[in-house]
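**Q** Residues per chain are reported as follows:
Number of protein chains: 2
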Amino acid sequence: MIPYKTLININRGGRQAIYIQIANRLIELIKYRKLPPNTKLPGSRILSELLGVHRKTVVAAYEELTIQGWLISLPQKGTFVNAHLPILKQASLVGESIRKNLTSSGFEFKRNVSLDRKFPQTCEDTYMYVNDGISDGRLAPINDIALIYRNLVSKKHITAHLAYGTTYGNQTLREELVTYLNETRGLNIGIDNIMITRGSQMGMFLAAQLLFEDNDYVVVGHTNYSSADTTFEIARAKVLRVRVDKRGLVIDDIRKCCETHNVKAVFTTSHHHHPTTVTLSADRRLELLNLAKTYKFAIVEDDYDYDFHYNHAPILPLASHDLNGHVIYVGSICKTVAPVYRVGYLVASKSFVDECAKLRRFVDRQGDALLELTFAKFIKAGYLDRHIKKVLKVYIARRDLFCSLLETELSDFFSFELPKGGMAVWVTLNKAYSWETVTQEALKQKLLIVEWQRYDMANINHNAIRMGFAAYDETEIHEFMKRLKKTMIEVSRLNGALAKG
Amino acid sequence: MIPYKTLININRGGRQAIYIQIANRLIELIKYRKLPPNTKLPGSRILSELLGVHRKTVVAAYEELTIQGWLISLPQKGTFVNAHLPILKQASLVGESIRKNLTSSGFEFKRNVSLDRKFPQTCEDTYMYVNDGISDGRLAPINDIALIYRNLVSKKHITAHLAYGTTYGNQTLREELVTYLNETRGLNIGIDNIMITRGSQMGMFLAAQLLFEDNDYVVVGHTNYSSADTTFEIARAKVLRVRVDKRGLVIDDIRKCCETHNVKAVFTTSHHHHPTTVTLSADRRLELLNLAKTYKFAIVEDDYDYDFHYNHAPILPLASHDLNGHVIYVGSICKTVAPVYRVGYLVASKSFVDECAKLRRFVDRQGDALLELTFAKFIKAGYLDRHIKKVLKVYIARRDLFCSLLETELSDFFSFELPKGGMAVWVTLNKAYSWETVTQEALKQKLLIVEWQRYDMANINHNAIRMGFAAYDETEIHEFMKRLKKTMIEVSRLNGALAKG
Numbered sequence: 001m002i003p004y005k006t007l008i009n010i011n012r013g014g015r016q017a018i019y020i021q022i023a024n025r026l027i028e029l030i031k032y033r034k035l036p037p038n039t040k041l042p043g044s045r046i047l048s049e050l051l052g053v054h055r056k057t058v059v060a061a062y063e064e065l066t067i068q069g070w071l072i073s074l075p076q077k078g079t080f081v082n083a084h085l086p087i088l089k090q091a092s093l094v095g096e097s098i099r100k101n102l103t104s105s106g107f108e109f110k111r112n113v114s115l116d117r118k119f120p121q122t123c124e125d126t127y128m129y130v131n132d133g134i135s136d137g138r139l140a141p142i143n144d145i146a147l148i149y150r151n152l153v154s155k156k157h158i159t160a161h162l163a164y165g166t167t168y169g170n171q172t173l174r175e176e177l178v179t180y181l182n183e184t185r186g187l188n189i190g191i192d193n194i195m196i197t198r199g200s201q202m203g204m205f206l207a208a209q210l211l212f213e214d215n216d217y218v219v220v221g222h223t224n225y226s227s228a229d230t231t232f233e234i235a236r237a238k239v240l241r242v243r244v245d246k247r248g249l250v251i252d253d254i255r256k257c258c259e260t261h262n263v264k265a266v267f268t269t270s271h272h273h274h275p276t277t278v279t280l281s282a283d284r285r286l287e288l289l290n291l292a293k294t295y296k297f298a299i300v301e302d303d304y305d306y307d308f309h310y311n312h313a314p315i316l317p318l319a320s321h322d323l324n325g326h327v328i329y330v331g332s333i334c335k336t337v338a339p340v341y342r343v344g345y346l347v348a349s350k351s352f353v354d355e356c357a358k359l360r361r362f363v364d365r366q367g368d369a370l371l372e373l374t375f376a377k378f379i380k381a382g383y384l385d386r387h388i389k390k391v392l393k394v395y396i397a398r399r400d401l402f403c404s405l406l407e408t409e410l411s412d413f414f415s416f417e418l419p420k421g422g423m424a425v426w427v428t429l430n431k432a433y434s435w436e437t438v439t440q441e442a443l444k445q446k447l448l449i450v451e452w453q454r455y456d457m458a459n460i461n462h463n464a465i466r467m468g469f470a471a472y473d474e475t476e477i478h479e480f481m482k483r484l485k486k487t488m489i490e491v492s493r494l495n496g497a498l499a500k501g
Numbered sequence: 001m002i003p004y005k006t007l008i009n010i011n012r013g014g015r016q017a018i019y020i021q022i023a024n025r026l027i028e029l030i031k032y033r034k035l036p037p038n039t040k041l042p043g044s045r046i047l048s049e050l051l052g053v054h055r056k057t058v059v060a061a062y063e064e065l066t067i068q069g070w071l072i073s074l075p076q077k078g079t080f081v082n083a084h085l086p087i088l089k090q091a092s093l094v095g096e097s098i099r100k101n102l103t104s105s106g107f108e109f110k111r112n113v114s115l116d117r118k119f120p121q122t123c124e125d126t127y128m129y130v131n132d133g134i135s136d137g138r139l140a141p142i143n144d145i146a147l148i149y150r151n152l153v154s155k156k157h158i159t160a161h162l163a164y165g166t167t168y169g170n171q172t173l174r175e176e177l178v179t180y181l182n183e184t185r186g187l188n189i190g191i192d193n194i195m196i197t198r199g200s201q202m203g204m205f206l207a208a209q210l211l212f213e214d215n216d217y218v219v220v221g222h223t224n225y226s227s228a229d230t231t232f233e234i235a236r237a238k239v240l241r242v243r244v245d246k247r248g249l250v251i252d253d254i255r256k257c258c259e260t261h262n263v264k265a266v267f268t269t270s271h272h273h274h275p276t277t278v279t280l281s282a283d284r285r286l287e288l289l290n291l292a293k294t295y296k297f298a299i300v301e302d303d304y305d306y307d308f309h310y311n312h313a314p315i316l317p318l319a320s321h322d323l324n325g326h327v328i329y330v331g332s333i334c335k336t337v338a339p340v341y342r343v344g345y346l347v348a349s350k351s352f353v354d355e356c357a358k359l360r361r362f363v364d365r366q367g368d369a370l371l372e373l374t375f376a377k378f379i380k381a382g383y384l385d386r387h388i389k390k391v392l393k394v395y396i397a398r399r400d401l402f403c404s405l406l407e408t409e410l411s412d413f414f415s416f417e418l419p420k421g422g423m424a425v426w427v428t429l430n431k432a433y434s435w436e437t438v439t440q441e442a443l444k445q446k447l448l449i450v451e452w453q454r455y456d457m458a459n460i461n462h463n464a465i466r467m468g469f470a471a472y473d474e475t476e477i478h479e480f481m482k483r484l485k486k487t488m489i490e491v492s493r494l495n496g497a498l499a500k501g
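From first to last, the protein sequence lines are chains R and F. Using our numbering, read the first sequence as starting at 1 and increasing by one per residue. Using our numbering, read the second sequence as starting at 1 and increasing by one per residue.
So here's chain R without its partners, still in its complex pose:
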């Protein structure tokens, strides 16, 4: 008889009933042939004494395994390991030494190289990041949100929102956003034109999945929001790049693309081009819409920073001029409130929204109806408007401080234009230096510059990156600039040494 007492460990404080623990341990012994086929198991009385458990517990375990097919019970004869169980070929290591924490898979799968981007790692608090332009979570009105959430949950009728719901998103939030977007962005939409998504990213993802077949093309700027590139590539689109100048995407370049390729969509962040922050001019907006009509392509408009404008009013999106259903307009509340709240929207013709809502069922079934309802109340009560007003004041002050320090302290190294909106500055490094060196030296100052390559997906060597200013307060911006200055002094010294050497 094998040493059952040693092999069957019972955890008396565990989550699992003891009879299940015994059963599961016996399964392991059977699988790894410690208990080969046809082995007779000890009687329940004997095993219960060995293990120090009630006899009924062992009986229950044996019954369990008999139902599952691991054991067979022969009247008058006893309980045996099922003789017809196949040997588990997987058991390269038998007995006790079960391999833990599998590293590699036993099958092939796609590895999409465009997914292999380097993203910021979480690290100690003592480091500072050069970020892409993120908001400051510390300003997020989470207490307001939590209060609304708690009040909702305490209501009896709320159980209706706990079950499976529509893939279009919460009806109340859709209604609220229709009003909000029509009022603030000059849209002219009804409830059929909007679905709630998890941030603008999901809007882009759904749209891309429906837009492209193999060998279809999408046109983007030669500098572009790199996550958009990847989202389109995942959907099997091929990316064509056109110039971006001080007035945004160059429309003549897009026209040329349309003449020679099967262009299914053009991607634009018209309010402030990502990453360079320029605004698409009025005439180009109209031209782009006309071109869309001529060539029947979609315009994917990501209005990621509409709420953040400092020197002038926000500019109406292309979607506000779209009368023939060309624009797929995606936006989000996450960026404005806090990234963790993945609440966004996709606005388009009813037929396109309907298809997106169908597809969404198979992506993650639906959104979080409670959170969506919370945001509906948040917007309706005017909290969103109030929050935007509040952070705008803060961010404009941060932009001004950030840019004035960059100008006064570091103009030998960097050039930039004061951004009229958004949460980042487009900073060009003097071509005497490289971001690679800067990144290395910055690390020594506990300043992390990640992904600088992603701002130049087309390799045009503009030598610029985005520097977010919104997430740091006054003291932090001073600290940030101190580190950046130390970095550049060292980079400069190294350059000098190199030149001499």
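It is worth saying that the hints were derived from the structure and are not from the lab. Some clues are possibly wrong.
Unchecked claim - Simulated crosslink set (DSS-like; lysine-lysine; CA at most 27 angstroms straight-line):
| id | chain 1 | residue 1 | chain 2 | residue 2 |
| --- | --- | --- | --- | --- |
| 1 | F | K89 | R | K246 |
| 2 | R | K350 | F | K393 |
| 3 | R | K296 | F | K156 |
| 4 | R | K238 | F | K238 |
| 5 | R | K110 | F | K256 |
| 6 | R | K56 | F | K420 |
| 7 | F | K393 | R | K156 |
| 8 | F | K389 | R | K156 |
| 9 | R | K296 | F | K256 |
| 10 | F | K155 | R | K389 |
| 11 | F | K155 | R | K377 |
| 12 | R | K350 | F | K256 |
| 13 | F | K56 | R | K390 |
| 14 | F | K393 | R | K56 |
| 15 | R | K390 | F | K377 |
| 16 | F | K393 | R | K110 |
| 17 | F | K296 | R | K155 |
| 18 | F | K485 | R | K293 |
| 19 | F | K256 | R | K156 |
| 20 | F | K377 | R | K155 |
| 21 | F | K296 | R | K89 |
| 22 | R | K155 | F | K155 |
| 23 | R | K34 | F | K293 |
| 24 | F | K155 | R | K390 |
| 25 | F | K293 | R | K89 |
| 26 | F | K390 | R | K420 |
| 27 | F | K155 | R | K110 |
| 28 | R | K155 | F | K390 |
| 29 | R | K155 | F | K389 |
| 30 | R | K256 | F | K377 |
Claimed, not checked - Chain R regions said to be covered by chain F (calculated; three or more residues, Cβ under 8 angstroms):
| id | stretch |
| --- | --- |
| 31 | 16 to 27 |
| 32 | 130 to 140 |
| 33 | 146 to 154 |
| 34 | 194 to 207 |
| 35 | 341 to 353 |
| 36 | 369 to 381 |
As the list claims (entries may be wrong) - Take a look, some chain R residues computed to stay more than 10 angstroms from chain F by CB distance:
| id | residue |
| --- | --- |
| 37 | S73 |
| 38 | K77 |
| 39 | G186 |
| 40 | L316 |
The beta carbon of each residue, even a glycine, is placed where N, CA and C say it ideally should be.
The hints should help you fit chain F onto chain R, whose structure is shown.
**A** Chain F alone, transformed into the frame defined by chain R:
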């Protein structure tokens, strides 16, 4: 001069500053050629008097439009509509009659027929549904969850969770689930083997996207969870069907598929086959794992109802026997707690989890870290265990009532086996009748049977559907059966009339 006062409506209580309202209205007038190129605009004093606003407001609007490129300002001469604006071709309807609520799109997109399933519509409360086996939202511990959530939000350090986070999901929840799954399901995983998803649906979606290239095959049962079929088809896999008998998927059929096709994955709901509720037997589990090793395919195991077992202990998933990284194990907490909380997990080899986490960034960027952290605390505090114990008692009573009424009142029409777990019964309709007729008659009794076709995607005419019992309390189950009985009496009468006629 055009009637500015009539054409420029100002909403003084609106969200937008008045100067922006004036600017946006002028844009419309320019777009639709009410103000053609080169038109001279009235001086700011004149327009301000016409509109009853401060002169500065008009000046600000003009400046705004000049910056955006709609107007040009000539010193000493005045303000003019930019002569170089293209005509917006979209303006099929000019002037006032702007088309609202676009219905059709101006571009082509994919319409995936497999998405065109009919899903239950929300309707009046007086209707009852025949559901697929959903939980009862009224039992959901939402107050516990809201309390934890509120406590979290009140902590200062929480702001760290408001920013962008890892696409693997909240670290604390992953750690908690590793312990939980290892303890309750015999898994042997570490933190590298798990990522948090939005329900098991997102786990399946991510896995499918990575598994299949064009012309790859996935094997499923001839009855199968139809959303899985669709998820695989969206990922361009072709579905092969094999028999399902009283012991689950027929492994010999799968072997034959592997011999003739490029099988990349087999899908199983091993605990209780969806929809028929049978359990995959021990020998077949081992055979399936062996086959996976031989043919290097993935096993996508959706353990959707592991927590719900009534007559015996839950059976360890295939994932607990997987030593070579073949199993992709997806599950969720939503089904157990409430569908609205889209918290699930994907468990696999590290290499596969890593790739899923990369892909997820482009689907919806990340999960809801606050909600994930809430669930980590919910599990750690033992609330999940307690909740499962509580609902198990309720559901077993509902199953017994539901099945006994079905047996005593309706055995002329329906046959079934008592399900050992899950939240639904697999009910076969006497072949003298059709679900089409039953559905029509049931509607008259305010009993909605939707999607009955989806239980027979392979058209094998088993004449069975799932009937969920868990979402209805005792009174409701009686009411449900009353309606079903009335329906069947009428169906029977119609059948008789038809036979005579």
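**Q** Compare the structure with each hint and give your call.
**A** Hint check results:
1. F:K89 to R:K246: holds, 25 angstroms
2. R:K350 to F:K393: violated, 45 angstroms
3. R:K296 to F:K156: violated, 51 angstroms
4. R:K238 to F:K238: holds, 25 angstroms
5. R:K110 to F:K256: holds, 25 angstroms
6. R:K56 to F:K420: Roughly 21 angstroms separates the two Cα atoms, so the pair holds.
7. F:K393 to R:K156: holds, 23 angstroms
8. F:K389 to R:K156: holds, 23 angstroms
9. R:K296 to F:K256: Answer violated: R:K296 to F:K256 is near 47 angstroms, above 27 angstroms.
10. F:K155 to R:K389: Judged against 27 angstroms, a Cα distance of about 25 angstroms means the pair holds.
11. F:K155 to R:K377: Given pair F:K155, R:K377 holds - Cα atoms ~23 angstroms apart, limit 27 angstroms.
12. R:K350 to F:K256: violated, 45 angstroms
13. F:K56 to R:K390: holds, 24 angstroms
14. F:K393 to R:K56: holds, 22 angstroms
15. R:K390 to F:K377: Distance ~33 angstroms between R:K390 and F:K377 Cα, so the pair is violated.
16. F:K393 to R:K110: violated, 44 angstroms
17. F:K296 to R:K155: At roughly 52 angstroms apart (the allowed maximum being 27 angstroms), R:K155 and F:K296 break the hint.
18. F:K485 to R:K293: Outside the cut-off at roughly 57 angstroms; violated.
19. F:K256 to R:K156: violated, 54 angstroms
20. F:K377 to R:K155: holds, 23 angstroms
21. F:K296 to R:K89: holds, 13 angstroms
22. R:K155 to F:K155: Holds. R:K155 to F:K155 sits at ~25 angstroms (cutoff 27 angstroms).
23. R:K34 to F:K293: holds, 22 angstroms
24. F:K155 to R:K390: holds, 22 angstroms
25. F:K293 to R:K89: Holds, at about 8 angstroms.
26. F:K390 to R:K420: violated, 57 angstroms
27. F:K155 to R:K110: Since the Cα atoms of F:K155 and R:K110 sit roughly 42 angstroms apart, the hinted pair is violated (cutoff 27 angstroms).
28. R:K155 to F:K390: Roughly 22 angstroms separates the two Cα atoms, so the pair holds.
29. R:K155 to F:K389: At roughly 25 angstroms apart (the allowed maximum being 27 angstroms), F:K389 and R:K155 satisfy the hint.
30. R:K256 to F:K377: Since the Cα atoms of R:K256 and F:K377 sit roughly 57 angstroms apart, the hinted pair is violated (cutoff 27 angstroms).
31. 16 to 27: It holds, with 7 qualifying residues against the three required.
32. 130 to 140: Since three or more residues must qualify, the claim that chain F covers the stretch 130 to 140 of chain R holds, with 4 doing so at under 8 angstroms.
33. 146 to 154: Holds: 5 residues of the stretch 146 to 154 of chain R have a Cβ under 8 angstroms from chain F.
34. 194 to 207: holds (count 6)
35. 341 to 353: With 7 residues closer than 8 angstroms to chain F, the stretch 341 to 353 of chain R meets the three-residue bar; holds.
36. 369 to 381: holds (count 3)
37. S73: Holds, since 14 angstroms exceeds 10 angstroms.
38. K77: Holds, because the least Cβ-Cβ distance between R:K77 and chain F comes to about 20 angstroms, which exceeds 10 angstroms.
39. G186: violated, 5 angstroms
40. L316: violated, 6 angstroms
In summary, the numbered hints that this structure violates are 2, 3, 9, 12, 15, 16, 17, 18, 19, 26, 27, 30, 39 and 40.
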